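S.K.: The listed protein sequences derive, respectively, from chains A and B.
The opening position of the first sequence corresponds to residue 16 in the working numbering, with each subsequent residue numbered one higher.
The opening position of the second sequence corresponds to residue 8 in the working numbering, with each subsequent residue numbered one higher.
A hint or two may mislead.
[Claimed, not checked] Which residues of chain A face chain B? A few of them, derived with a C-beta cut under 8 Å, are:
| hint | residue |
| --- | --- |
| 1 | P55 |
| 2 | N56 |
| 3 | L59 |
| 4 | F78 |
| 5 | L116 |
| 6 | G119 |
| 7 | G121 |
[Stated by the list, open to error] With a straight-line cut-off of 27 Å between C-alpha atoms, the simulated DSSO-like cross-links for lysine-lysine are:
| hint | chain 1 | residue 1 | chain 2 | residue 2 |
| --- | --- | --- | --- | --- |
| 8 | A | K115 | B | K48 |
| 9 | B | K27 | A | K115 |
| 10 | A | K115 | B | K21 |
| 11 | A | K115 | B | K73 |
| 12 | B | K48 | B | K73 |
| 13 | B | K49 | A | K115 |
| 14 | A | K115 | A | K64 |
| 15 | A | K64 | B | K27 |
| 16 | B | K73 | B | K62 |
| 17 | B | K71 | B | K27 |
| 18 | A | K83 | A | K115 |
| 19 | B | K21 | A | K84 |
| 20 | A | K64 | B | K73 |
| 21 | B | K21 | B | K73 |
| 22 | B | K48 | B | K21 |
Derived from the structure by calculation, the hints contain no laboratory data.
Computed from a predicted structure; not experimentally measured.
All residues carry an ideal CB built from backbone N, CA and C; glycine is no exception.
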Amino acid sequence: AQSVTQLGSHVSVSEGALVLLRCNYSSSVPPYLFWYVQYPNQGLQLLLKYTSAATLVKGINGFEAEFKKSETSFHLTKPSAHMSDAAEYFCAVRTGTASKLTFGTGTRLQVTL
Amino acid sequence: GAVVSQHPSWVICKSGTSVKIECRSLDFQATTMFWYRQFPKKSLMLMATSNEGSKATYEQGVEKDKFLINHASLTLSTLTVTSAHPEDSSFYICSARDQASVGLYEQYFGPGTRLTVT
């Protein structure tokens with residue numbers, strides 16, 4: 016079975032500050048890991064994905080995530096938050112190309128002036 | 008590329024009526040599509056996996072007779088909420104798997120459909 020835990024349902028940062036959104040996974044086989052962003056009343060947009068290549072993955076909008084097998088983590092970071100980053104962020108795991116995505120409970124990012 | 012559309016984007020219906028939601032892959036073929044339900048401030052819950060030309064696979068606890076799924080072509084899947092009740096009000100999101108994406112079978116998400124049952 017696969018699962019994802021996102022620590023912190025709500026994170027607030029100041030504009031220009033570091034963004035860190037935490038994600039830990041559980042999987043019995045090497046996982047594929049994803050971060051998605053959702054703006055209000057919209058679907059999900061893929062930020063980045065880990066597919067067993069480089070452990071440091073760079074995505075869109077300046078986000079990146081590092082796969083750490085020893086810590087079973089895939090935390091999302093951005094050096095400098097922008098107001099437009101305010102949204103809901105979901106971490107997801109999949110074990111194999113044909114299996115289903117399992118989503119975490121989401122983290123709402125608030126960016127303040 | 009890799010655009011998924013949903014129609015309608017929002018719908019209000021009366022209790023007891025049925026509502027059909029369409030999910031289309033606009034620029035790729037998708038033998039597999041997924042239907043999710045999202046409650047306010049909650050994560051996405053997979054309802055069913057839709058396979059072109061065959062019956063959908065429903066997740067445990069999802070009523071297949073209430074949520075009818077049809078995947079009649081490589082670019083279209085429909086979700087029909089039958090005899091809708093207020094508790095069916097939710098945000099429904101579909102995703103489509105690009106069968107041509109080598110190796111990873113990337114999923115692309117639609118913009119969602121807000122259903123309100125009065």
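S.K.: Against this structure, judge whether each hint is valid.
M.R.: Checked hints:
1. P55: 10 Å, violated
2. N56: At 7 Å from the nearest chain B Cβ, N56 of chain A passes the 8 Å test, so the hint holds.
3. L59: 4 Å, holds
4. F78: Violated - the Cβ of F78 of chain A stays beyond 8 Å from chain B, reaching only about 17 Å at its closest.
5. L116: 6 Å, holds
6. G119: 6 Å, holds
7. G121: 5 Å, holds
8. A:K115 to B:K48: 22 Å, holds
9. B:K27 to A:K115: 24 Å, holds
10. A:K115 to B:K21: Violated, at roughly 33 Å.
11. A:K115 to B:K73: 22 Å, holds
12. B:K48 to B:K73: 24 Å, holds
13. B:K49 to A:K115: 18 Å, holds
14. A:K115 to A:K64: Between K115 of chain A and K64 of chain A the Cα gap is close to 15 Å, so the pair holds against 27 Å.
15. A:K64 to B:K27: 32 Å, violated
16. B:K73 to B:K62: Holds, because 15 Å separates the two Cα atoms, which is no more than 27 Å.
17. B:K71 to B:K27: The given pair, whose Cα atoms are some 14 Å apart, holds under the 27 Å limit.
18. A:K83 to A:K115: Holds, at roughly 22 Å.
19. B:K21 to A:K84: 50 Å, violated
20. A:K64 to B:K73: Roughly 34 Å separates the two Cα atoms, so the pair is violated.
21. B:K21 to B:K73: 16 Å, holds
22. B:K48 to B:K21: 24 Å, holds
Hints 1, 4, 10, 15, 19 and 20, counting from the list given before, are not met by this structure.
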